[in-house]
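So the sequences go chain by chain: A and B.
Heads up: the first sequence begins at 1 in UniProt numbering, then just goes up one per residue.
Heads up: the second sequence begins at 1 in UniProt numbering, then just goes up one per residue.
Source of the hints: derived by calculation from the structure; they are not laboratory data.
Keep in mind that this is a model prediction, so the values were computed, not measured.
This list has only true hints and no planted wrong ones.
Heads up, simulated DSS-like pairs for lysine-lysine below, C-alpha to C-alpha not over 30 Å straight-line:
{"id": "1", "chain 1": "A", "residue 1": "LYS137", "chain 2": "B", "residue 2": "LYS105"}
{"id": "2", "chain 1": "A", "residue 1": "LYS37", "chain 2": "B", "residue 2": "LYS130"}
{"id": "3", "chain 1": "B", "residue 1": "LYS137", "chain 2": "B", "residue 2": "LYS105"}
{"id": "4", "chain 1": "B", "residue 1": "LYS37", "chain 2": "A", "residue 2": "LYS37"}
{"id": "5", "chain 1": "A", "residue 1": "LYS128", "chain 2": "A", "residue 2": "LYS21"}
{"id": "6", "chain 1": "A", "residue 1": "LYS130", "chain 2": "B", "residue 2": "LYS128"}
{"id": "7", "chain 1": "A", "residue 1": "LYS160", "chain 2": "B", "residue 2": "LYS105"}
{"id": "8", "chain 1": "B", "residue 1": "LYS89", "chain 2": "A", "residue 2": "LYS160"}
{"id": "9", "chain 1": "A", "residue 1": "LYS128", "chain 2": "B", "residue 2": "LYS105"}
{"id": "10", "chain 1": "A", "residue 1": "LYS128", "chain 2": "B", "residue 2": "LYS137"}
{"id": "11", "chain 1": "A", "residue 1": "LYS37", "chain 2": "A", "residue 2": "LYS130"}
{"id": "12", "chain 1": "B", "residue 1": "LYS105", "chain 2": "B", "residue 2": "LYS130"}
{"id": "13", "chain 1": "A", "residue 1": "LYS128", "chain 2": "B", "residue 2": "LYS37"}
{"id": "14", "chain 1": "A", "residue 1": "LYS105", "chain 2": "B", "residue 2": "LYS128"}
{"id": "15", "chain 1": "A", "residue 1": "LYS105", "chain 2": "B", "residue 2": "LYS137"}
{"id": "16", "chain 1": "B", "residue 1": "LYS130", "chain 2": "A", "residue 2": "LYS128"}
{"id": "17", "chain 1": "B", "residue 1": "LYS105", "chain 2": "B", "residue 2": "LYS21"}
{"id": "18", "chain 1": "B", "residue 1": "LYS137", "chain 2": "B", "residue 2": "LYS160"}
{"id": "19", "chain 1": "A", "residue 1": "LYS37", "chain 2": "B", "residue 2": "LYS128"}
{"id": "20", "chain 1": "B", "residue 1": "LYS130", "chain 2": "A", "residue 2": "LYS105"}
{"id": "21", "chain 1": "B", "residue 1": "LYS37", "chain 2": "A", "residue 2": "LYS130"}
{"id": "22", "chain 1": "A", "residue 1": "LYS128", "chain 2": "B", "residue 2": "LYS128"}
{"id": "23", "chain 1": "B", "residue 1": "LYS128", "chain 2": "A", "residue 2": "LYS137"}
{"id": "24", "chain 1": "A", "residue 1": "LYS128", "chain 2": "A", "residue 2": "LYS45"}
{"id": "25", "chain 1": "B", "residue 1": "LYS130", "chain 2": "A", "residue 2": "LYS130"}
{"id": "26", "chain 1": "A", "residue 1": "LYS130", "chain 2": "A", "residue 2": "LYS45"}
{"id": "27", "chain 1": "B", "residue 1": "LYS130", "chain 2": "B", "residue 2": "LYS45"}
{"id": "28", "chain 1": "A", "residue 1": "LYS160", "chain 2": "B", "residue 2": "LYS160"}
{"id": "29", "chain 1": "A", "residue 1": "LYS105", "chain 2": "B", "residue 2": "LYS160"}
{"id": "30", "chain 1": "B", "residue 1": "LYS105", "chain 2": "A", "residue 2": "LYS130"}
{"id": "31", "chain 1": "A", "residue 1": "LYS89", "chain 2": "B", "residue 2": "LYS89"}
{"id": "32", "chain 1": "B", "residue 1": "LYS105", "chain 2": "B", "residue 2": "LYS89"}
{"id": "33", "chain 1": "B", "residue 1": "LYS160", "chain 2": "A", "residue 2": "LYS89"}
Protein chains: 2
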Amino acid sequence: MQNSKQLVDGRHLRSIQTRLKLLEAARTIFLEEGFNKATISQIIKLAKTGYGTAYVHFTGKDDLLIVLIEDVMAQFFEIAQTPFFPRSKEEARGIIYNQVLTFLKLAESNRQMMQVFSEAMGLSPAIKTKWEEIRQKFIEGITRDIQYSQEQGLARTDLKAEVVAPGWFYSNEMYQWSIVSNEHPASLEEIAQTLTAMYTDGLYL
Amino acid sequence: MQNSKQLVDGRHLRSIQTRLKLLEAARTIFLEEGFNKATISQIIKLAKTGYGTAYVHFTGKDDLLIVLIEDVMAQFFEIAQTPFFPRSKEEARGIIYNQVLTFLKLAESNRQMMQVFSEAMGLSPAIKTKWEEIRQKFIEGITRDIQYSQEQGLARTDLKAEVVAPGWFYSNEMYQWSIVSNEHPASLEEIAQTLTAMYTDGLYL
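Here chain A stands alone, though its shape is the one from the complex (with noise of 0.2 Å):
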């Protein structure tokens, strides 16, 4: 009995180390090489493990670059998240400026690999799907945000918060691949003021 336990933990470690192994491989072949023109068998090759072993652990490139991409996707949708019941008009405008300076500093701090998301983004259709559930997440949560501070009377009613919200997510999103593709004119910091100040100005009384 003790033999045959060791034997099947071996093969489980054996696996974990493989996996790994290939999810590094995966990470060094696309930082190289962006992901259009990165391959399986590049990423074998470099993992030393065969088409069939790797194929036990992921689908393909796309399964590899998601699984490479959820550290990164779980913060997104923590920042989703904040906790949002502000008192007054600045306090909401500061909830809101660390949201959006959080949210273009996670970008900033993986930005090569949301390059290489960005890229996969126009060629996969389960990397875009992840993406959208993300701006979901977002725009769901920034909907309820804006419904919160129109029922404590602390921003406009006359405007409706599901039309609001997709265009302030879009605004900080659109940042964000600026920032990803190192094309952003200012500082993160002063980008999430002014957002922040255009958004609180226009939205809160």
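Use these hints to put chain B onto chain A, whose structure you have.
Frame of chain A, contents of chain B only:
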């Protein structure tokens, strides 16, 4: 001389007709297949012409799409250059509302070709560059408009025009793509009205 001139004109006419047949065929194939799946061989088959002839007129799929979408692109450039000399916040709001609505309507009335264009952007650097030009033209125009409003004492001066402008264009652009993919949460008029209200109340005094 008469005969020779007729011959040249005849050739020229046939060349124009071939070009138009190729464009017409490309439009049909792009709308049926999308950009990625469409092939030059499908296009020349439908246009009843050969590879050699096709490559006399166009360098490839990207080139065909760029020519097909040229008049839409020209209309975008025109909107980006809307004259903007408001004398009050209310006048600014009126001009901006019309500009936004025209912009969104352009996407709606060219939805199918814009869908092809959007797909092609992720695949063709030439088409991505084309859209980047339009985006830059808009951001430059908006920056000028904000600076004008600031100089006239109509807009707040604590924010930099070149940081406000991209954020504002991004909201419009992404809303436009949501219209292209038929996923917008409200009528074009309500979107334009909401975007304009948030923007002018956030920026103008």
